[in-house]
Amino acid sequence: MALALATVTNSIAALSVTGLTIKDLDEIPARADGRQATLIALPSFVTAFAMERDSFGGGSEAKMTVSYTLNYRLLYAPEGQGRAGTLENYDNMVALVMAFWDEVMAIDEFSGAVDIVPAGISNMGLVNDPADNQWIGCDVALRCIEFVN
Amino acid sequence: MTVVAGRTVQKWAHLVVGGYDLTGYVNQIGAAMWEYDTPGLMALDDAVQGGLPNEVTVSLGEVRGIFDNTATSGLHVALAAGAGSGYIITAIAGMRATIPNQVAYPDEGAVGIPAFCGRFNLLQYRQSGNDGILSAPLKFGGWDAGGLIAYDQPWGSLLVHDDGCTLNAGGTGIASGTGGQTTKGGYMVYHVWGYSGIAGDTATISVDDSADNSSFLALSGCTTGSIDVSTKPSGIVAIGKTATVRQYVRWQVALGTASDVDLTLSFIRGR
Chain X
1 MALALATVTN
11 SIAALSVTGL
21 TIKDLDEIPA
31 RADGRQATLI
41 ALPSFVTAFA
51 MERDSFGGGS
61 EAKMTVSYTL
71 NYRLLYAPEG
81 QGRAGTLENY
91 DNMVALVMAF
101 WDEVMAIDEF
111 SGAVDIVPAG
121 ISNMGLVNDP
131 ADNQWIGCDV
141 ALRCIEFVN
Chain Z
1 MTVVAGRTVQ
11 KWAHLVVGGY
21 DLTGYVNQIG
31 AAMWEYDTPG
41 LMALDDAVQG
51 GLPNEVTVSL
61 GEVRGIFDNT
71 ATSGLHVALA
81 AGAGSGYIIT
91 AIAGMRATIP
101 NQVAYPDEGA
111 VGIPAFCGRF
121 NLLQYRQSGN
131 DGILSAPLKF
141 GGWDAGGLIA
151 YDQPWGSLLV
161 HDDGCTLNAG
171 GTGIASGTGG
181 QTTKGGYMVY
191 HVWGYSGIAG
201 DTATISVDDS
211 ADNSSFLALS
221 GCTTGSIDVS
231 TKPSGIVAIG
241 KTATVRQYVR
251 WQVALGTASD
261 VDLTLSFIRG
271 R
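First to last, the sequence lines map onto chains X and Z. Using this note's numbering, you'd call the opening residue of the first sequence number 1 and step up by one each time. Using this note's numbering, you'd call the opening residue of the second sequence number 1 and step up by one each time.
Hints listed in this document are in silico derivations from the structure and should not be mistaken for laboratory results. There may be inaccurate statements among the hints.
To be verified - If the Cβ cut is set under 7 angstroms, some of the chain X residues that face chain Z in the computed set are: (1) V114; (2) D132; (3) F147.
Claimed, not checked - Derived Cβ-Cβ restraints for the label pairs, each shown as a range: (4) Z:T166 x X:A6: 39 to 49 angstroms; (5) Z:R64 x X:E103: 22 to 32 angstroms; (6) Z:K184 x X:A13: 45 to 55 angstroms; (7) Z:G180 x X:A6: 18 to 28 angstroms; (8) Z:A43 x X:R143: 56 to 66 angstroms; (9) Z:G221 x X:S67: 10 to 20 angstroms; (10) X:A50 x Z:Q28: 18 to 28 angstroms; (11) Z:R126 x X:A6: 40 to 50 angstroms; (12) Z:G6 x X:E103: 53 to 63 angstroms; (13) Z:L44 x X:S67: 46 to 56 angstroms; (14) X:A48 x Z:R271: 21 to 31 angstroms.
Heads up, the beta-carbon is just placed ideally off N, CA and C, and yes, glycines get one too.
Could you put the whole structure together from the sequences, leaning on the hints where they help?
What follows is the structure, given as C-alpha cells:
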C-alpha cells in the first residue's frame with residue numbers, strides 16, 4: 001500500500017460544508033472568487049511529515065505508519081466587503097470554520113487515510129489569496145495518518 | 001466498505017457489555033489476555049527449563065470508561081450496580097471500517113472481524129476525575145467461574161453488529177477460522193442492545209453454517225431459543241465439543257413478536 005495523498009486531498013475536496021467551496025490540490029485558483037468562501041491549499045501544504053516503522057523488514061515489507069499535516073487557507077470574504085468592512089463578516093467566518101471542523105470530526109471513513117483529525121487554526125483575521133489580495137479568513141491544519149504495507 | 005485486511009486503530013474498536021453497546025463511552029480496552037500457565041515438568045538433571053501449557057487465563061483487563069449517566073444506554077446505567085457480577089463481553093477489533101455500515105445489510109451481514117469474547121467479572125467500577133474529565137475506569141477480571149464453558153479460546157469472528165436485524169434470508173457468511181469444516185464445536189456470544197416493539201417482545205438468535213457459503217442450515221444447538229429481547233439480553237451458547245461446523249457461518253434472527261433487533265453476534269469455532 002503506497003501513500004495516497006492524492007486520494008486524501010480528493011476526499012477533503014469532497015467534504016460537504018454549506019457555504020464553502022473546497023478546492024482540490026489541482027484546483028487552486030490564481031485569484032480567489034470574491035463571491036464565495038473558498039478553502040485552498042497553502043504553498044506549505046504538507047508539513048510535519050513523519051514515518052514510524054512498525055515492524056521488521058525492508059521498505060517493501062515493513063509495516064509503517066506515516067503521519068503528516070495538511071495546511072489549508074480559508075478565504076471567507078475579500079477585505080472590505082460589506083458596509084461595515086471586515087467586522088461584518090467576522091462572525092460568519094468563524095461559524096464557517098466551525099462548520100468545517102464539524103464535518104471533519106464527523107468523518108467515519110475517509111478514502112485514502114486511516115484517520116484524519118483537526119490539527120489547528122491559525123492566522124485568523126486578514127490573509128492573502130494567491131493573487132496577494134487580502135481576505136478575511138484563516139489557516140486550518142489537518143493531521144492525517146496512513147498505513148504503508 | 002468491506003473489511004480491510006491489515007492493521008487497525010482504536011477508532012474502529014467497539015465494546016459491547018452485557019447487552020449494552022458501550023463503544024461511545026470507552027476509550028481504551030485493557031490488555032485482552034489469553035495466557036496459559038506452564039507448571040514445571042522438568043527433572044533435576046534436565047538441561048533446560050520448560051513446561052506444558054496447562055490451564056488458561058482469559059481476562060479483559062482494565063477498560064477506561066467515560067463517566068456518563070445517559071438513561072438506558074450510558075456507562076453508569078449499564079455498569080454502576082454491577083461490580084462483583086459477571087458480564088458477557090464482546091470486544092470488537094474493527095478493521096478500518098465503520099461498523100455497522102461497512103457492509104450492506106442484510107446481504108452481507110457477516111463481517112468476519114476479530115472479536116474477543118467471554119464472560120468476565122467486573123471487579124471494580126471506579127469514578128475518577130484525575131484526567132480533567134470525570135472518567136470511570138472499569139477493571140475486569142478473569143472468566144466468571146459461575147459461567148464456565150468447555151472452550152478455552154476467546155477470539156472468534158464477529159458475524160453481525162448492526163441495528164434493525166430481521167430474518168437473514170440471503171446473507172452470505174464468513175469462513176471463520178483458518179480452514180474448512182471442523183468437528184470441534186464452538187460457541188456463540190450474543191447481545192441484543194435494542195429492538196423494535198414493546199416490552200416482552202421475543203426473537204430467536206442463532207448461527208447458520210454452510211459448506212458453500214450459499215446454502216445455509218441452522219447450526220444445531222447454536223440458538224438462544226425464543227428470548228425476551230426487550231431486556232437487553234446477552235449470553236453464550238456453546239454447542240458440543242465434537243459438533244460439526246461447516247466452513248462458513250452467518251448470523252440468523254427468527255422474529256417472534258419483535259419487529260427487529262439490534263444485534264451483536266460472534267462465533268468462536270472450537271479447535
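Hint check results:
1. Contact between V114 (chain X) and chain Z, as hinted, is supported at the beta carbon level, the nearest pair being about 6 angstroms apart and thus within 7 angstroms.
2. Violation of the interface hint for D132 (chain X) is found here, the shortest Cβ-Cβ separation to chain Z being roughly 40 angstroms, above the 7 angstroms cut-off.
3. At its closest, the beta carbon of F147 (chain X) sits 6 angstroms from a beta carbon of chain Z; the interface hint therefore holds under the 7 angstroms criterion.
4. Checked against the hint of 39 to 49 angstroms, the pair T166 (chain Z) and A6 (chain X) passes, with Cβ atoms roughly 41 angstroms apart.
5. The hinted range of 22 to 32 angstroms is satisfied by R64 (chain Z) and E103 (chain X), whose Cβ atoms lie roughly 28 angstroms apart.
6. Checked against the hint of 45 to 55 angstroms, the pair K184 (chain Z) and A13 (chain X) passes, with Cβ atoms roughly 52 angstroms apart.
7. Look at G180 (chain Z) against A6 (chain X): about 41 angstroms separates their beta carbons, and that is not inside 18 to 28 angstroms.
8. For the pair A43 (chain Z) and R143 (chain X), the beta carbons lie near 58 angstroms from each other, so the given range of 56 to 66 angstroms is met.
9. Roughly 48 angstroms separates the CB atoms of G221 (chain Z) and S67 (chain X), a value that falls outside the hinted 10 to 20 angstroms.
10. Distance hint for A50 (chain X) and Q28 (chain Z): a CB-CB separation of about 23 angstroms, consistent with the stated range 18 to 28 angstroms.
11. At roughly 47 angstroms, the beta carbons of R126 (chain Z) and A6 (chain X) sit within the given window of 40 to 50 angstroms.
12. The hinted window of 53 to 63 angstroms between G6 (chain Z) and E103 (chain X) is violated, with their beta carbons roughly 27 angstroms apart.
13. Checking the proposed 46 to 56 angstroms range against L44 (chain Z) and S67 (chain X) shows it holds: the Cβ atoms sit about 54 angstroms from each other.
14. The hinted range of 21 to 31 angstroms is not satisfied by A48 (chain X) and R271 (chain Z), whose Cβ atoms lie roughly 45 angstroms apart.
Consistency with the previously given hints fails for numbers 2, 7, 9, 12, 14, ordered from lowest to highest.
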